[in-house]
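If you're matching them up, the sequences are chains C, B, S and P in order. Taking numbering that gives the first Met the number 0, the leading residue of the first sequence gets 0, the next gets one more, and so forth. Taking numbering that gives the first Met the number 0, the leading residue of the second sequence gets 0, the next gets one more, and so forth. Taking numbering that gives the first Met the number 0, the leading residue of the third sequence gets 0, the next gets one more, and so forth. Taking numbering that gives the first Met the number 0, the leading residue of the fourth sequence gets 0, the next gets one more, and so forth.
Keep in mind the hints are simulated off the structure, nothing from the lab. Being a predicted model, the structure only gives us computed values, none of them experimental. A portion of the hints provided could be inaccurate.
[Unchecked claim] Some chain S residues near chain C, calculated using beta-carbon distances under 8 angstroms:
{"#": "1", "residue": "Ser31"}
{"#": "2", "residue": "Arg33"}
{"#": "3", "residue": "Pro105"}
{"#": "4", "residue": "Thr113"}
{"#": "5", "residue": "Ile122"}
{"#": "6", "residue": "Asn124"}
{"#": "7", "residue": "Trp128"}
{"#": "8", "residue": "Leu159"}
{"#": "9", "residue": "Tyr318"}
{"#": "10", "residue": "Glu321"}
All residues carry an ideal CB built from backbone N, CA and C; glycine is no exception.
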Amino acid sequence: MSQVTFVQSINQALHDAMEDDARVLVLGEDVGDAEGGGVVGITKGLSQAFGCERVKSTPISEQAIMGAAIGAALKGFRPVAEIMLMNFTTVASDMIVNHAAKLRFMSGGQTSVPLVVRTMTGAGVSNGGQHSDYLEAWYAHTAGLKVVLPSTPADAYGLMRACIDDPDPCIFVETLPALFNKGEAPVRGSRVPLGKAAVLREGRDVSVIGYGRIIQSVAQLADRLAGEGVSMEVIDLRTVSPFDKEAVLASVRKTGAAVVVHEAVREFGVGSEISSLIHEEAFAALRAPVRRIGAKFAPVPFSKPLETASLPSLDEVEAAVRELAAVTA
Amino acid sequence: MSQVTFVQSINQALHDAMEDDARVLVLGEDVGDAEGGGVVGITKGLSQAFGCERVKSTPISEQAIMGAAIGAALKGFRPVAEIMLMNFTTVASDMIVNHAAKLRFMSGGQTSVPLVVRTMTGAGVSNGGQHSDYLEAWYAHTAGLKVVLPSTPADAYGLMRACIDDPDPCIFVETLPALFNKGEAPVRGSRVPLGKAAVLREGRDVSVIGYGRIIQSVAQLADRLAGEGVSMEVIDLRTVSPFDKEAVLASVRKTGAAVVVHEAVREFGVGSEISSLIHEEAFAALRAPVRRIGAKFAPVPFSKPLETASLPSLDEVEAAVRELAAVTA
Amino acid sequence: MTQISDDLLLSIFEKMALLKQNDEKMRASISSGRLVMPYYSYRGQEVIPATISALLRDDDTICTIYRGTHDALAKGCPVDRLWAELGGRATGTCKGKGGPMHITHPETGVMVTTGIVGSSMPIANGLAWAAKLEGSDAVTVAYFGDGASNIGAFHESLNLASLWKLPVLFVCSNNLYSEHTRFAAGTAIDSVAKSAAAYSMPGVRVDGNDVLAMHAAAAEAIDRARAGEGPTLIEAMTFRFHGHVFGDDDAYMGEGEKAERMAADPYPRFRAWLIDEGHASEDRLAAIEAEQAERIEAAIRFALDSEFPPASEVLTDVYEQEMAR
Amino acid sequence: MTQISDDLLLSIFEKMALLKQNDEKMRASISSGRLVMPYYSYRGQEVIPATISALLRDDDTICTIYRGTHDALAKGCPVDRLWAELGGRATGTCKGKGGPMHITHPETGVMVTTGIVGSSMPIANGLAWAAKLEGSDAVTVAYFGDGASNIGAFHESLNLASLWKLPVLFVCSNNLYSEHTRFAAGTAIDSVAKSAAAYSMPGVRVDGNDVLAMHAAAAEAIDRARAGEGPTLIEAMTFRFHGHVFGDDDAYMGEGEKAERMAADPYPRFRAWLIDEGHASEDRLAAIEAEQAERIEAAIRFALDSEFPPASEVLTDVYEQEMAR
Ligand SMILES: Cc1ncc(C[n+]2csc(CCOP(=O)(O)OP(=O)(O)O)c2C)c(N)n1
Ligand SMILES: Cc1ncc(C[n+]2csc(CCOP(=O)(O)OP(=O)(O)O)c2C)c(N)n1
Ligand SMILES: [Mg+2]
Ligand SMILES: [Mg+2]
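Using the sequences plus the hints, can you model the full thing?
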């Protein structure tokens with residue numbers, strides 16, 4: 000199988016979607032080829048291939064970007080709007096939360112907003128406090144939105160295609176520090192269904208549930224610990240909202256123990272929802288309480304040792320897994 | 000004891016704070032007396048008493064309002080900035096989340112932002128989808144902020160005074176549909192410490208943990224069920240972040256069962272954090288998993304029967320409490 | 000202004016008659032407890048959407064605000080569905096889910112009504128962009144107030160519309176107040192229209208209570224937009240007769256100011272002018288008014304006879320497919 | 000421009016020498032791997048903060064942006080603490096927690112450096128409001144770029160500053176690009192300064208690479224602000240020599256454009272002018288440059304000799320009092 004980066008697979012997904020459906024549009028800061036095709040090149044070649052009316056570079060005006068996308072979506076277009084970094088969604092969150100998410104409901108189902116917000120984020124590249132936050136918990140708490148966070152280039156392709164197909168607004172979160180990581184190339188036209196998790200490793204003793212870059216590292220940890228007789232089941236949610244309850248519960252009912260992990264701040268994070276749900280629905284099956292692992296409750300620091308310390312570590316995951324594996328019913 | 004409304008007690012808190020400390024400022028849309036002293040009158044009389052330099056009506060410019068508050072706070076003032084409704088914080092969330100919350104940390108502790116954001120919200124008065132959301136889970140997920148949500152006029156006074164005293168940015172959430180409800184009058188100068196819960200009712204069988212208007216109704220429910228031999232402990236968190244873990248855990252260790260309730264949407268809400276924590280820290284004490292009760296996962300509807308159906312009900316709380324009380328260890 | 004045909008004048012009058020009486024009935028219904036809602040009366044501002052809408056086609060679209068019930072009605076939103084909506088009934092435009100701040104009726108081009116100040120403008124741009132992409136010459140009207148001109152979204156939207164030459168009319172109803180704040184207390188410039196220069200966009204201030212002036216400005220802006228020449232900012236000077244939200248205390252207004260403005264009510268003024276200038280007879284206008292009154296009565300009956308939506312509707316229309324939760 | 004004393008000219012030159020060499024060292028340090036950070040080089044834009052800061056007092060404050068290392072240095076932020084910060088050291092201005100996009104040094108008035116486009120302006124207003132409340136005549140400078148003039152916060156901030164007559168200088172460094180987008184592709188008006196009219200505020204476009212022009216504009220704006228006459232918008236035309244972020248591909252720029260601009264480097268131009276006009280000797284300037292070079296070398300040594308902060312620092316400074324979690 001050939002290997003591609005996230006940049007390539009997302010670019011390919013946008014390209015294929017625009018080719019397959021003339022209603023697909025792309026807009027955002029610097030997305031056109033005259034402006035370099037995006038700051039990391041994800042939209043490269045699109046304006047050349049599909050013209051500057053369908054691929055529009057915008058001013059630095061996130062509210063106007065989201066508004067243009069919402070309006071076009073209301074008329075049946077399928078805009079993919081880039082808000083460069085996830086922290087910048089805060090200047091457009093009225094548009095996202097009060098409008099994109101709610102117009103279907105508030106209109107009694109007369110209108111819909113089939114747009115995709117593409118945004119990047121993630122600590123680890125010394126960008127500091129205002130360029131690194133994972134805010135998926137906010138958008139997951141917002142009824143009307145769907146939130147995806149792919150962990151492989153192929154999933155990124157398939158999820159992007161599914162988000163573009165979807166009749167409702169989706170937030171597509173790209174992991175900035177992983178964008179040039181490689182993985183298996185996607186199959187043209189493939190879709191990864193929204194709301195469906197992937198079981199990355201099957202196991203018996205402990206379920207680790209998460210998403211994004213870190214869940215891939217967890218899968219490698221599983222391989223390592225398997226050699227020591229600790230059997231981990233690793234579940235990549237892929238979609239954060241709605242997340243795949245069935246997959247999560249089935250796994251936990253089997254293993255009787257779970258760790259939830261993400262790179263967002265732990266407190267009031269997505270892990271809290273998953274942990275609560277597991278307890279509510281699979282209490283009797285649990286040998287021990289669900290553990291949550293996430294980033295430290297602090298802004299992301301610049302200095303390398305601090306930035307590293309702020310992130311959830313594989314050591315924490317390993318320690319939690321070992322402890323849980325050791326608990327007997 | 001004399002009775003006052005929330006409007007009166009918060010007005011009194013602002014008045015007393017401005018009188019006690021010349022650094023306290025008030026700003027926001029229509030807050031001056033020439034503009035009626037606030038849309039519901041919470042800032043009435045303040046500009047008359049303290050002048051239009053310390054009490055400033057602003058244009059409809061939430062980013063500018065928050066920016067002015069942040070800048071003044073950086074210089075040691077104690078601004079209380081009104082963002083009229085909580086949904087409108089979305090147009091100022093960059094200022095709140097990327098700046099107010101982070102400047103202390105990103106400056107390595109050199110600067111601080113001792114401001115208070117006053118904002119109202121709540122379903123039940125037919126305001127519909129864009130004027131009713133409780134977004135405290137977002138702000139609780141943001142390191143650097145504190146979030147309070149008082150359930151009585153006296154607590155509102157004491158928490159407002161504590162927020163104004165506090166060296167860090169606080170979000171003070173007022174329950175719009177309850178603003179004219181009455182309660183015991185506060186004592187001038189009293190403070191309710193941030194991060195400290197109130198035990199509204201002591202009980203043995205089930206702990207109900209929540210905040211805001213609904214936790215007061217739950218306290219009445221406790222009185223009713225006490226007559227039937229169901230003993231509820233009712234905990235009003237008052238501060239959502241940081242919330243009073245010790246009080247929560249002590250109660251659950253005693254009762255062995257808990258229900259968490261709030262008016263915000265249930266999914267990915269504050270209740271998820273509390274539920275997760277209880278399981279993590281008091282698993283062995285639990286007879287059954289923690290229940291979460293919140294608003295339906297939907298925008299707030301306008302039509303009265305739907306609006307009512309979207310809110311968490313006391314019946315749900317009662318049912319959950321009865322079920323949990325019936326579970327034996 | 001000899002260019003306006005009598006037909007057009009009468010269609011504007013018809014809309015104004017509908018709007019004025021509709022507002023009166025709504026206020027009465029609130030006072031009587033028949034309707035329970037926050038209501039932002041537009042009384043006094045009818046000329047603006049009545050005149051603009053008389054120049055619009057069905058495929059033209061609008062985005063408006065909480066005060067924009069008149070904008071929706073003028074554009075063609077059915078009165079009965081509107082009343083049902085405000086009554087919270089399942090037969091409402093939005094099945095009762097939206098309410099007064101979120102009237103939507105895509106068939107007649109009422110695409111968005113928003114309760115967030117400034118938010119009609121960015122979305123209007125998107126609707127106009129869609130028309131451009133479709134090769135249609137449809138236009139979009141973004142209605143908003145004077146206070147909204149101070150919020151960031153105004154700036155971003157006008158800049159983008161100008162850059163992209165979008166077929167949008169930015170229509171600012173300057174009623175001199177935003178909630179309780181005077182225009183001059185919130186806006187550093189003395190005319191919203193002047194801001195247009197900051198976006199290389201034509202900007203015009205007109206008497207929004209004068210049909211002829213409003214017509215001239217709107218017609219020119221619509222022509223420009225249809226011809227692909229881009230957006231226009233229109234500042235229509237007007238006044239809201241019943242304060243910010245119906246029932247609130249308007250002590251912040253000068254006594255004299257309000258009385259003076261109400262005495263200059265644009266409705267009887269236009270009505271008298273139509274007769275004086277020989278465009279229509281008193282009988283004709285009275286007949287139009289009676290027709291509109293009957294439409295409204297029928298709408299109220301329709302609304303009151305309709306059922307409330309079942310509680311299960313809380314969880315539909317959140318997504319196209321209901322989610323398992 | 001005979002009003003500028005030689006002392007002032009030399010103090011401007013001194014700042015420019017510091018800034019220019021500092022940028023060179025930073026780029027070299029990144030290329031060599033000694034510093035690891037996203038770096039937004041300001042090379043080519045030194046005249047603006049050097050000239051403005053030469054007119055500012057210690058109690059005047061600034062808010063600047065990710066590209067604003069020069070603004071901070073010019074205002075007096077110590078070079079050694081800055082290098083330590085960019086090296087992520089505990090001795091950095093922000094204990095290494097902020098990094099290049101968040102330089103802060105309140106003692107010299109560097110109150111906020113932000114990475115969010117447009118956000119320097121609203122906070123600058125608050126600092127200026129504080130000065131007013133304190134009865135001081137201190138002023139605040141909000142630095143930002145041409146691209147930032149398109150975001151909502153710009154509009155809200157200028158309007159509020161004008162209404163409240165705040166002592167603020169809004170200084171837009173128009174370097175013709177925002178990231179990879181040309182000024183004209185993002186902004187519908189041909190000059191940011193012209194927008195000032197929309198806020199009843201004086202607006203002036205100046206050659207930001209010309210010390211004399213820059214001085215005249217800044218001096219007037221500062222005088223106005225100190226006298227309580229309110230804010231000024233200054234659009235300083237300039238160019239960034241090293242693209243948006245150091246190391247990125249600048250294919251979006253015309254080859255010729257960049258070469259031409261770099262040939263007009265304001266640093267050697269000002270240096271030559273000082274000598275030609277007899278304000279300073281070559282030796283004097285060379286001595287100043289050498290001094291600055293030595294300061295920078297010392298700063299680098301200081302930074303490299305400093306410790307990284309302990310991991311426990313992740314949880315301090317989140318609140319004044321660490322929270323039990
Ligand atoms: C972003 C935001 N801020 C504040 C409000 C509260 N609010 C509702 S209407 C209004 C006044 C708007 O005035 P204007 O734009 O002049 O329109 P008018 O009501 O006069 O028609 C305000 C401040 C809001 N809805 N949205
Ligand atoms: C709200 C927001 N949107 C987008 C960005 C990404 N971004 C960083 S710098 C920049 C360009 C800013 O251009 P300009 O204001 O001209 O300043 P310059 O970089 O040229 O100094 C952009 C788009 C951001 N930091 N913040
Ligand atoms: Mg108004
Ligand atoms: Mg620039």
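Tested hints:
no. : hint   : result
1   : Ser31  : 26 angstroms, violated
2   : Arg33  : 21 angstroms, violated
3   : Pro105 : 5 angstroms, holds
4   : Thr113 : 7 angstroms, holds
5   : Ile122 : 5 angstroms, holds
6   : Asn124 : 5 angstroms, holds
7   : Trp128 : 5 angstroms, holds
8   : Leu159 : 4 angstroms, holds
9   : Tyr318 : 5 angstroms, holds
10  : Glu321 : 11 angstroms, violated
Checked against the numbered hints above, the structure breaks hints 1, 2 and 10 and satisfies the rest.
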